[in-house]
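The listed protein sequences correspond, in order, to chains W and X. For the first sequence, my numbering begins at 1 and goes up steadily by one. For the second sequence, my numbering begins at 1 and goes up steadily by one.
Possibly wrong hints are sitting among the right ones.
Taking lysine-lysine and the DSS-like style, the derived pairs with C-alpha atoms no more than 27 Å apart in a straight line are [to be verified]: (1) X:Lys-145 to W:Lys-571; (2) W:Lys-156 to W:Lys-195; (3) W:Lys-318 to W:Lys-306; (4) W:Lys-571 to W:Lys-557; (5) X:Lys-145 to X:Lys-87; (6) W:Lys-571 to X:Lys-151.
These aren't lab readings, by the way, just hints derived from the structure by calculation. All of these numbers come straight from a predicted model, not from anything done at the bench.
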Amino acid sequence: MKAPTTFDRRTLLQAGGLAIAFTWLGGAGKAVAAINARQQPGDAAAALADGNPPFAPNAFIRVDADGGVRLVMPMAEMGQGIYTGSAMMIAEELGVELDQVRVEHSPPDEALYGMPLLGGQITGGSTSTRSTYGVLREAGAVARTLLVAAAAAQWKVEPASCTVARGVVSHAPSGRQLGFGALAANAARLPMPGKVVLKDPKDFTVIGKPLRRVDSPDKVNGTSQFGIDIRLPGMKVATVQACPTLGGTLASVDDKAARAVPGVIDVLRIGNAVAVVGEHFWAAKQGLDALKIRWTPGANAGLTTKKLRDALADSLAKGQAILGREVGKRPEGTLVEATYQLPMLAHATMEPLNTTVHVKPDQCEIWVGTQVPARCVSVAAKITGLPEAKVVLHNQYLGGGFGRRLETDSVEQAVAFAKQVPYPLKVVWTREEDIRHDIVRPMYHDNISAVVDANGKLVWFGDRISGGTVLGRWAPAFMGKDGMDGDLIECVAEPAYDFPNLKVEWVRHDMPPGLDVGWWRGVGPTHNLFVLESFIDELAQRAKQDPVAYRRAMLQKNPRTLAVLDLAASKMGWGQGTLPARVGRGMALGDPFGSRVCAMIEVEVTPQGEVRLRRAVVALDCGIAINLGSVEAQVQGGLLFGLSAALFNEITIENGAIQQSNFHDYRTLRINETPTVEVHTVKSGEAPGGLGEVGTAIAAPALANAIFAATGVRLRALPVNRALLVQDKAALKKKVADARTGDMTIEGSAA
Amino acid sequence: MIDLNINGKPHAVNVPQDMPLLWVLRDVVGLTGTKFGCGIAQCGACTVHLDGQPVRSCVLPVGAVGGKPITTIEGVAETASGKQVQKAWLDVDVVQCGYCQSGQIMSAAALLQRVPNPSDADIDLAMAGNVCRCATYVRIRAAIKQAATGKPEVLQSIVSMPTARSAS
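All chains should be modelled from the sequences, with the hints used to inform the complete structure.
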């Protein structure tokens with residue numbers, strides 16, 4: 001498959017998420033990296049480093065002489081199941097089963113493993129399967145074609161008369177068989193085939209099955225190695241503190257007491273942080289706690305969440321907007337308006353950030369679980385002064401990514417410390433450091449509006465969005481010519497609905513230097529679908545229509561999304577039966593990441609304002625599903641991840657420092673709070689859509705709409721403010737009067 | 001020197017009495033299956049068994065272990081409930097990123113040792129201290145029930161395609 005080097009509008013619309021941010025409005029970046037099903041320059045070296053197997057027809061497949069098949073995974077595995085899905089795509093065409101393959105992490109190599117949709121060796125944006133559905137199957141087919149050709153030549157028969165199954169080529173008429181291992185050396189001498197024919201999807205025997213994950217056995221018995229598990233001869237362990245005030249620097253350190261702690265080896269300094277090195281983490285941590293540090297807080301010393309929010313609201317009101325998309329003009333009619341707010345969020349991956357680095361005079365070796373291996377190599381080269389070719393990186397399993405490991409800040413810091421010492425240094429952040437120095441999801445402040453006719457039908461849609469850009473820092477070359485960041489307007493500029501007229505615009509509002517904002521699972525869709533789908537519910541309620549019926553009328557030109565809406569409604573039993581008091585159902589839908597999804601959630605809100613999740617139903621059309629087991633798992637987990645944030649999470653800043661620090665004050669959903677989550681997948685022959693972020697993107701609006709149905713309280717800000725949900729109306733009204741932000745209305749009595 | 005019995009084997013370690021067992025296991029003994037998640041007993045990733053009871057090793061001073069046997073994820077397959085739980089975890093395919101799963105499995109194995117056929121309420125009580133950021137909770141619940149009964153658990157989720165669930 002030829003990797004696209006430019007994107008037409010159709011490709012662009014199918015891309016979604018991070019990818020759409022990269023390609024929106026034809027953002028002109030550097031040449032797009034292109035993985036390839038055939039051997040490329042550099043692949044021979046990669047294969048050599050990979051044990052020099054006799055047959056390595058491309059960057060992904062290694063056949064050893066003993067018949068062992070190793071698959072090199074272009075993407076990082078962070079829980080999303082991509083190692084299993086990628087292996088299934090290759091195995092389908094190669095002619096092996098999953099129980100016969102071993103998967104390996106790829107080395108950093110943009111040319112061999114770069115994702116077309118993201119322009120680099122980057123795992124993110126729910127793009128992996130969409131990027132590689134063609135090329136990984138083709139990679140398997142190329143290898144199978146060569147192995148069959150080798151067998152046919154040896155037997156002097158037509159290749160077409162041979163079959164392949166479980167790593168064995170057979171010639172039925174003569175009853176002869178040869179395994180891949182025996183054929184590997186001869187297959188390697190054959191010229192690369194031209195066009196190879198891929199299987200008709202109706203003949204798939206691997207793709208589409210609910211197969212178990214390839215990485216589970218080692219993750220269940222404790223032997224799986226994450227970055228934090230690296231142990232090397234002579235290795236020391238460090239833990240760090242960076243200036244709590246974002247953007248601040250180190251003034252001085254008194255390390256006398258720290259150095260007296262048994263097991264402490266060294267105290268290292270860089271411009272904005274201190275590391276204590278120990279024989280083990282505990283010594284390092286005891287040493288860190290014993291340091292007397294003075295910081296220079298810098299320009300952010302007086303920064304607070306309120307100041308950030310006020311400035312953002314001010315930008316929204318007065319700032320110059322960049323037009324995202326406009327169709328038609330705003331007609332006369334009743335204007336309905338609302339302001340929505342989303343908070344900053346941390347990622348809180350289960351595995352705290354960590355990097356192991358060994359800097360030698362002529363080489364820098366790195367062990368880390370990262371979504372961006374090639375970027376890590378690049379920053380390490382800059383910091384050490386070594387050429388990139390002298391930086392060796394070993395990617396590891398990631399104990400969660402959620403976008404946090406798309407950043408290289410922790411790697412840069414570890415290299416800066418490690419280059420001061422001769423030994424291999426493992427730098428492990430405490431959970432407190434991990435949250436206080438998260439690169440947070442931006443806050444947003446949006447004015448959403450509609451003109452409705454006498455029947456409450458939407459005739460014009462307006463969305464004026466304000467928030468910071470991640471792309472502007474992370475990949476500025478991919479910003480639109482007019483300064484647009486496609487991530488900010490995703491799922492509203494091209495909504496699932498047939499809006500006759502619309503205007504979507506963005507007021508760019510950067511956070512102060514030192515407060516970097518980053519990608520967070522669900523990216524633009526998680527932001528915009530909360531605002532849009534909450535507001536659509538407001539319009540339905542205003543029109544005195546059922547939320548499902550109101551949406552159905554606007555989906556008549558979008559049959560795939562209409563189908564998931566109807567499927568979800570039928571499985572939920574929407575509109576059927578009578579619900580108890582303060583129990584309500586809410587829904588949300590959208591087309592994020594090239595998939596179509598509808599979530600329905602049933603909640604109970606206690607008289608004290610506690611929200612209990614009772615049941616969730618998700619209907620999904622993700623195009624061709626590679627692994628149905630992963631589809632279910634990703635939608636369940638993604639939805640619950642989004643619900644967890646919507647219920648509990650907000651990063652706040654006081655005196656320029658993040659106030660949250662660990663799971664007690666940045667809490668996460670637990671099993672006793674988890675509802676049943678049914679996932680219903682539509683059988684589809686469409687191109688694969690993204691999965692890892694779909695559930696997250698749709699979670700918060702479905703929850704907020706369910707809370708409205710249960711209580712009559714419309715939440716226009718996240719996370720859920722329990723104080724607004726108490727049953728006592730007098731107390732509630734007082735709270736509304738007291739509410740500074742005016743982020744809620746009370747409409748009607750409890751459902 | 002502190003004498004420990006870990007997964008049935010003796011280990012003598014030269015560490016301070018107040019060092020949490022977690023770091024003794026990970027950084028001194030070299031058993032890295034037990035994970036660091038929070039350091040304050042809020043997430044359960046560090047759960048091990050002390051004389052069969054689940055404990056958060058990140059806040060347990062090694063000096064408080066005494067002679068009690070320690071079981072970690074690397075040794076839990078030697079217990080009947082641990083073996084059942086690990087098998088069910090694979091059958092139900094619970095794992096996503098996998099980082100918290102050592103602790104989840106240790107908590108689940110301890111639960112089954114105590115309550116062979118746990119109710120949903122038992123599961124909530126025993127497992128609420130274990131955080132999973134991938135939110136694999138739906139399958140964790142199914143796997144615990146499957147481990148208890150030995151019968152394939154009908155997953156709460158339904159796929160509308162006519163495909164049976166099959167082993168890889």
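Do the hints match the structure? See the list:
Taking the CA atoms of X:Lys-145 and W:Lys-571, the gap is near 25 Å; set against the 27 Å cutoff, the hint holds. As the CA atoms of W:Lys-156 and W:Lys-195 are separated by approximately 23 Å, the hinted pair is consistent with the 27 Å bound. A C-alpha spacing of about 18 Å is found between W:Lys-318 and W:Lys-306, which places the hinted pair at or below 27 Å, so the restraint holds. Distance hint between W:Lys-571 and W:Lys-557 is fulfilled; the C-alpha atoms sit about 23 Å from each other, no more than 27 Å.
Among the hinted pairs, X:Lys-145 with X:Lys-87 is consistent with the structure: their alpha-carbon atoms are about 12 Å apart, no more than 27 Å. At roughly 26 Å between alpha-carbon atoms, W:Lys-571 and X:Lys-151 fall within 27 Å of each other, so this suggested pair holds.
Hint compliance for this structure: every hint is met.
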